[in-house]
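Chain order of the listed sequences is V and S. Converting from the first sequence to my numbering requires adding 22 to each position, the first position being numbered 1. Converting from the second sequence to my numbering requires adding 14 to each position, the first position being numbered 1.
Quick caveat, the hints were computed from the structure, so don't treat them as lab data. Take these hints with a grain of salt, some might be off.
As the list claims (entries may be wrong) - Some chain V residues judged to face chain S by a derived CB distance under 8 angstroms, without partners named:
| no. | residue |
| --- | --- |
| 1 | Leu24 |
| 2 | Ile31 |
| 3 | Leu33 |
| 4 | Leu35 |
| 5 | Ala40 |
| 6 | Trp42 |
| 7 | Phe45 |
| 8 | Val49 |
| 9 | Phe54 |
| 10 | Asp55 |
Source: prediction; values computed, not measured. Where is the CB? At the ideal position from N, CA and C, for every residue including glycine.
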Amino acid sequence: MLTSTVILIILSLFLGIAAWLIFIWAVKKGEFDDVEGPKYRMMDDDDD
Amino acid sequence: MPFCCHGCQGAYRIITGAGLGQFYRRRDWQEQGVPDSVFQTDYDDGYLQQFVRETAAGAELSLLIEGIRCATCVWLIERILASQPGVVSARVNFGTHRLQLVFNAAATTSSALVAALSRIGYLARPFTREAAQRQAEDSRRSLLIRFGTAAFLSMQLMGYSFALYAGYLQGIDATTRQIMQVFAALVTTPVVFYAGFPFLAGAWHSLRNRAPNMDLLISLGVLVAYGYSLWAMLADREVYFDTAAMIVTLILLGRLLENAARGMAGSGIDRLLRLSPELATRLRDSGQQERIPSVNLRPGDRILVASGQRFPVDGLIAKGTTEADEAIVTGEAIPVLRGPGSAVIAGALNLTCSVEVTVSRPAEDSFVARIIRLVEEAQSRKAPIQSLADRLAVVFVPLVVAISGLTCLYWLLAKNDPSSAILNGVAVMVVACPCALGLATPTAVLVATGAAAARGILFRGGDILEATARVRVAALDKTGTITRGLPEVKKIVPATGSAHELLTLAARLEQASTHPLARGIMRAAAEKMIVVDSAPVQNMPGQGLALTTGENVLRAGTRDFLAGCGIPLPPETETQSLTEVHLSIDAQYQGAIYLDDALRPEAPAAIAALKELGIEPVMLTGDHNSAAQRVAAPLSIPFFARLTPAQKAAWVSTTQTRDRPVLMVGDGINDAPALSAASVGCAMAGGSDIALDNSNLALTRPDLGKVAQAAKIARRSLTIIHQNLFWAFFYNILMLPLAAAGQLTPIHAAAAMAASSVCVVGNSLRLRRGA
């Protein structure tokens with residue numbers, strides 16, 4: 023019972039770390055540099 | 015083919031592209047356009063090459079785009095560039111107007127892409143990132159990463175903490191508790207030492223300067239909570255890891271919110287610098303033209319400035335006469351006539367004709383450059399506004415440390431119990447660390463700025479809210495702030511016939527002109543339902559208009575213009591403060607139309623509202639005395655006329671004292687130094703970018719009444735912030751004696767922390783209503 027709790031906790035930590043790494047990657051890539059434009063960009067019709 | 019503007023040129027391309035070229039043979043229009051050369055952005059590849067960076071994806075070029083007005087411009091630019099051969103990617107940042115262009119250098123050239131942009135009416139300039147700017151960007155990103163990390167780890171931590179709280183209440187076996195505590199310690203360590211690093215560094219700095227500040231208090235609380243928890247974990251007692259992590263996370267969130275509110279500030283100076291073109295056309299003695307960087311121009315050089323271009327440096331006109339739009343520099347909307355010998359300023363737009371200019375000052379000493387220096391000086395002189403929490407920390411930190419020390423001493427000496435002495439001393443520090451303090455100001459600021467934004471008032475951060483609440487004097491610019499900035503027809507004085515006939519005559523002449531006076535006359539004509547046919551009107555810049563019909567010559571313009579055409583005029587009347595337009599048919603004087611820049615309709619009520627709040631309104635203007643008198647008299651406010659931008663700023667700094675902060679309201683570049691010298695600079699909508707960027711407070715609607723409303727909202731939020739701080743400290747101070755007496759259990763401490771946070775957030779939410 024205790025072992026499985028520990029394993030589950032560690033598993034959840036790994037899941038969390040994956041999400042955290044994606045966040046870091048997004049910041050480094052500059053995804054948060056322009057927070058104003060995208061809300062207009064989604065209105066564009068993308069034909070190409 | 016000559017065109018009058020980019021828009022017409024773009025329309026021409028679309029029309030001919032659709033095979034409808036005969037439009038231009040059918041239409042009835044004779045006015046001369048502007049020479050084609052105006053629209054050639056003649057950057058050659060060699061010049062652009064120095065801004066191109068080679069990356070793995072291809073050649074990369076950063077451009078600053080002039081002419082972006084809305085999100086659709088961004089869309090268009092990206093689509094047009096994407097359709098060009100060799101372009102890998104093109105992204106425009108809507109906030110900063112920067113284009114990031116990646117292209118294949120083998121398939122296309124940078125100048126071809128810039129030309130593609132100018133074909134659709136956008137002027138591109140190479141953009142070099144200054145070191146300081148890059149640094150600001152990096153620090154913003156690092157703050158975001160620190161907050162993201164802290165938030166993610168705190169979420170994990172909450173799981174373990176809840177298990178521990180439940181265990182405290184319901185019982186938990188020792189091994190599980192130990193494991194939970196180890197995991198809690200594991201996730202808290204990076205929060206304290208990585209995410210909390212800015213606070214630790216700030217605290218170290220403040221210790222070395224012997225100036226206790228908020229950072230010191232935060233670090234002390236975090237480190238003590240963390241250190242004690244580590245010890246408690248080993249000694250098998252209750253841990254406080256969540257306190258340490260939440261303090262860091264919440265305060266980082268507060269800083270992030272404040273940072274976001276300031277977002278755009280600072281880029282204004284950069285954009286102002288870019289007002290004056292980087293390249294100039296110099297005329298050699300031999301008459302040859304050469305393109306050289308503007309910074310290399312020396313006094314005495316002769317340069318050519320085509321119509322539609324901005325003047326690169328200050329100078330005197332040597333040849334030619336033109337109208338210059340200096341609105342962006344002086345804030346005055348009406349174009350001014352500049353003939354041989356008159357001075358032109360860098361950054362002003364040459365509207366009608368090509369002129370030759372003799373350089374009078376090098377680029378770094380131009381009017382715009384001097385304004386930039388004034389602004390920068392004023393900004394650097396302004397001491398960072400000490401936040402209320404910081405001022406409290408000066409008293410609070412030593413107090414807490416002292417109480418903690420006394421507790422320790424008491425238990426050690428009076429009770430002779432070293433273990434309880436350390437435990438209780440630490441408990442005082444933990445409970446004293448104001449967790450809710452991290453929330454007190456940011457939540458109130460967030461709610462208040464959000465509520466204000468919905469009313470068209472934008473505060474650039476919490477300190478501005480605080481400063482606005484304390485304002486005692488409101489300095490108001492005249493043109494565009496108290497007045498509309500648009501001339502209106504005030505009086506029609508026909509020499510013969512009716513007023514209606516005179517207005518119809520004026521409308522026939524003025525219908526095609528974009529001059530603000532003409533627009534004023536056309537508005538008046540539209541109100542009277544006067545409709546006129548379009549006609550080939552001849553435009554004499556700065557003088558007037560003439561229309562030759564089958565039998566008559568109609569004229570409208572200044573007194574001098576009509577007199578110069580040999581038309582007898584009645585003697586001048588005492589209306590010097592009004593702008594006059596005189597009209598004639600052939601040699602027959604028809605009368606005059608008087609225009610005036612009217613007060614904003616809400617001005618009297620707005621001034622009254624300011625006075626009611628105990629804020630003293632004052633008018634500052636660059637205009638002459640009689641014009642100022644006419645505006646100020648009906649409002650019964652004091653005024654100061656004939657002020658240069660520097661004098662305005664000086665007036666603000668001398669009037670401003672610690673107890674009497676000044677709010678400056680303005681809209682033009684000429685107000686920029688005063689805006690940044692004032693405690694609070696407030697820019698009105700429709701003003702120039704530079705005024706907006708140098709303001710701490712921006713009004714998105716041109717409504718003077720918003721100024722008083724902003725002050726009201728600010729005062730209310732300051733009250734709420736004070737209440738929040740009181741609650742945040744109140745709980746801690748209430749708990750201090752308990753902790754010192756050794757009576758505090760962990761669950762009480764946790765409950766007190768939660769209660770104080772809920773109090774603070776709930777209190778802040780009250781700001782959403784009313785005001």
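Now the hints, each set against the structure:
no. : hint  : verdict
1   : Leu24 : holds (6 angstroms)
2   : Ile31 : holds (6 angstroms)
3   : Leu33 : violated (12 angstroms)
4   : Leu35 : holds (6 angstroms)
5   : Ala40 : violated (11 angstroms)
6   : Trp42 : holds (5 angstroms)
7   : Phe45 : holds (5 angstroms)
8   : Val49 : holds (5 angstroms)
9   : Phe54 : holds (6 angstroms)
10  : Asp55 : holds (7 angstroms)
When held up to the earlier numbered hints, the structure conflicts with 3 and 5 and fits the remainder.
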